[in-house]
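Same order as they appear, the protein sequences are chains H and E. Here my numbering is used: the first sequence runs in plain steps of one and ends on residue 123. Here my numbering is used: the second sequence runs in plain steps of one and ends on residue 414.
The set of hints was computed from the structure by calculation and includes no laboratory data. Some hints could be false.
[Said to hold, decoys possible] In silico SDA-like cross-links for lysine to any residue, where the CA-CA straight-line distance does not exceed 25 Å:
id	chain 1	residue 1	chain 2	residue 2
1	E	K406	H	G24
2	E	K304	H	D9
3	E	K406	H	L69
4	E	K304	H	T109
5	H	K17	E	P341
6	E	K406	H	Q25
7	E	K406	H	S94
8	E	K304	H	A64
9	H	K17	E	I347
10	E	K406	H	D9
11	E	K406	H	L91
[Claimed, not checked] From the structure, some residues in chain H lie toward chain E, with a derived Cβ separation under 8 Å:
id	residue
12	R26
13	Y41
14	Q56
15	G60
16	F77
17	S94
18	L96
Positions of the beta carbon are idealized from the N, C-alpha and C atoms, including for glycine.
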Amino acid sequence: DSGVTQTPKHLITATGQRVTLRCSPRSGDLSVYWYQQSLDQGLQFLIQYYNGEERAKGNILERFSAQQFPDLHSELNLSSLELGDSALYFCASQTAQLGSTDTQYFGPGTRLTVL
Amino acid sequence: AQKITQTQPGMFVQEKEAVTLDCTYDTSDPSYGLFWYKQPSSGEMIFLIYQGSYDQQNATEGRYSLNFQKARKSANLVISASQLGDSAMYFCAMRDGNTPLVFGKGTRLSVIA
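Next comes chain H alone, as it looks inside the complex (with noise of 0.2 Å):
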């Protein structure tokens, strides 16, 4: 159990909704980075968050959203969805904003399936 938790596990929405995934970093980590994994593209970072404030974006397409809220929980809004956001949808938090030794480390994940 890497300590960082993430809500709902499954997902089955259907195309033009609006979905919200929850994750919940360890104790006392302050940065939360968002992870889509798909079979085509593989894993690719999609925004980053420490401390409440946005840190750094990647491939995040616009009708894409997230926050990091005072209890350092991080919310992935994702909207007008298509079929081709069916994905691993991961959450990843590490204790510092800096530092290429810090580890990440990964919740369970949140499958979203778009039909």
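Assemble chain E onto chain H, guided by the hints.
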């Protein structure tokens, strides 16, 4: 730009044997970290081992060791005494400076009884 290359899409190993999973990387930053993660069929990403670019010794964690060859820019994962539970996807990843992790495409390891 960072790049991670895992050239082995799939590997087979006999139970109790050792196996090496290859990973090469490319970065112009002298300070970087290399990571290996395991993803079983259940889907979670499990951190295995870390190697820093300035570390003098190869990292080890139980049955996992990292064969770090800086000049060759390689960071191969060695699993000793393979077990059936080691069957999974293995991802090599790297970060330098403040960047997020960049992952390779992974290697699927199958352990045969």
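Here's how the hints hold up against the structure:
| no. | hint | verdict |
| --- | --- | --- |
| 1 | K406/E / G24/H | violated, 30 Å |
| 2 | K304/E / D9/H | violated, 29 Å |
| 3 | K406/E / L69/H | holds, 21 Å |
| 4 | K304/E / T109/H | holds, 18 Å |
| 5 | K17/H / P341/E | holds, 16 Å |
| 6 | K406/E / Q25/H | violated, 30 Å |
| 7 | K406/E / S94/H | holds, 18 Å |
| 8 | K304/E / A64/H | holds, 18 Å |
| 9 | K17/H / I347/E | holds, 16 Å |
| 10 | K406/E / D9/H | holds, 24 Å |
| 11 | K406/E / L91/H | holds, 22 Å |
| 12 | R26 | violated, 23 Å |
| 13 | Y41 | holds, 6 Å |
| 14 | Q56 | holds, 6 Å |
| 15 | G60 | violated, 17 Å |
| 16 | F77 | violated, 21 Å |
| 17 | S94 | violated, 14 Å |
| 18 | L96 | holds, 6 Å |
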